[in-house]
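Peer 1: Position 413 (the sequence shown) corresponds to 413 in the working numbering; numbering is contiguous.
Hints listed in this document are in silico derivations from the structure and should not be mistaken for laboratory results. Take the hints with a grain of salt, since some may be wrong.
[Unchecked claim] Here are the computed distance ranges between Cβ atoms for each label pair:
(1) I278 - P452: 48 to 58 Å
(2) V468 - R516: 24 to 34 Å
(3) I387 - T68: 32 to 42 Å
(4) I526 - I241: 46 to 56 Å
(5) N128 - G473: 52 to 62 Å
(6) I387 - E514: 51 to 61 Å
(7) K378 - L20: 23 to 33 Å
By construction, the Cβ of each residue, glycine as well, lies at the ideal position given by its N, Cα and C atoms.
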Amino acid sequence: MNAKSVAIRQVLRNHVFLYLLAGFLLFATCLLHFWNLENMPGGVHVDESSVAYNAYCIYKTGADEHGTKYPLFFKCFGNYQDPVMIYSAVPMAGLFGLDKAAIRFLSALFHILASVALFFLVSKLIRNRMICLVSAFTFSVLPWLFPISRTGIGGYMAMLLGIIGGCYFLFDAIGRKSTVSSVLAGIFWSFAMYSHHIGKPMSAVILTCFVLALNKRIMKRLKVFSVFMASFAFLLVPMAISSLIRPESMTSRFNSIALWRESSTWIEIATGMLQRYIEYFSFDFLFIAGDRDLRHNVGAGELYLFFVPLLVAGVYVIVKNFKGNPFYRFIFLCLLTYPAAAVLTISHYHSTRCMNGAPFWCIAAAIGLNYFCQERKKYAVVLIAVILLATFEIPSYMSRYFGRYQIDSRESFSAGSIEAIQKSIGHLGKDETLYISRYMFFPEEMKPGFKPEFYTNILFLAKIDPVVYQREGLPKEKVRLYDEEFDRPGIFLTLDSLYLLDENNNLRISRDFEKRPGKLKLIERIPTPSGINFEIYRVY
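Please work from the sequences and hints to get the whole structure.
Peer 2: Below you can see the structure in the form of structure tokens.
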């Protein structure tokens, strides 16, 4: 056997191994993303039920919950939902109806597709396909993204798919003078902007970084870049028209969370922005505690600890090649500007408002890993330590997510009240009414129709016919807030007790916090960790 045959066999073996590894990692990430989506996390967030119900409305009537025919942006909670998740969910609504797992499946699928896209984007910078595979898999199980990807909250994963796909095709267009890639880049970038409101400003920021980093190459490829800009601008025409007709569809959400709502002077605003900018680069946010909101985070850093040496090496390589390599310049600028939208908002340490940075941190880590592999004789100990730590840290994180986090996050997803409502609906007979005590939501004040937000959960759980809701609102003969009167037989859901303040501002347990006229029969008591239990009564 000659040397050429041996070399060919070795290449084939390497390719077979890579395909097997890719298949295994894809299977693993699909299992982690799709397993038991119906129950993990428990409960339903109002953003999830809003997406599901509006998709169901579009499927049934061609209009949103308010009766607006095929809207571009969906009015909800006084703000507006972006269209990608809702319209993507319409086929799921047609197949499965109002189903929580179906909505969550979409978000998980977008995350997996974004991870596949990251493999191809990293391959533009790194030739080692093993590193590209590892980077893509790590991105798919990243603490920054994994919890939110298993919910139907927002279009974050679709936005990331748009950003990563947009970067890949833009690099490809400039590199190969490809007009097809230019058009595809325009499609992906517009997809990112229609997916989530954070995608709008951050797409502009990232594209600005691209122009600054690759300006000389762009000038040499002006035709293909012009094709990209033309296709991108064309696809944003509907958004521009919508913003002119209904400006609040673009601004209402930001206006409600803008930093200057709590700051009275420009000095306070500038100080607040600087403080938040530093926080988003802090070791605490990135590697230790992360976002404090249990809807987004299990209580760990946004990145794994084994990223630390990889990022140190990656940033070193990027800075070292900053002048000579425009692609490294682009990554560096994207890292510097990744919290640009988040620093303008009230919250501290808000991971979803800077989620656009996750792909670039992963790319920087991949560059660092590639550097260690190229210098493996020198950094063998570091490589072994990174591999061992990753082998321990990723399974530990998943154990925490599928274990303790499912208990800790129940309140964040209103799991107790959601499960109680589901059980109550299960007890309803034909033509009976579900009465829900307003104290179920105490201390939150619940307005008629379960406004301002919880109504979407009621619409989702009670499977209210969109035609009926669009015509008359929430039908009182189906479900209503209890107003100390029963005028129809049905089911009454309430609490067995309530913590209230007495005249000395001391907490006391009250069991007579609401009047219950008529004949009632207790049919189920649902215990809770707080000691205040849900009670389900039959109303005669």
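Peer 1: All the hints need checking, so say for each whether the structure fits it.
Peer 2: Cross-check of the supplied hints:
1. I278 - P452: 48 to 58 Å: At roughly 34 Å between Cβ atoms, P452 and I278 fall outside 48 to 58 Å, so the hint is violated.
2. V468 - R516: 24 to 34 Å: This hint holds: roughly 29 Å between Cβ atoms.
3. I387 - T68: 32 to 42 Å: Violated - the Cβ-Cβ distance for I387 and T68, about 54 Å, lies outside 32 to 42 Å.
4. I526 - I241: 46 to 56 Å: holds (49 Å)
5. N128 - G473: 52 to 62 Å: Hint holds: Cβ distance 59 Å, inside 52 to 62 Å.
6. I387 - E514: 51 to 61 Å: Holds, since I387 and E514 (Cβ atoms, about 60 Å apart) stay within the stated range.
7. K378 - L20: 23 to 33 Å: Taking Cβ atoms as reference, K378 and L20 lie about 30 Å apart, which means the hint holds.
Hints 1 and 3, counting from the list given before, are not met by this structure.
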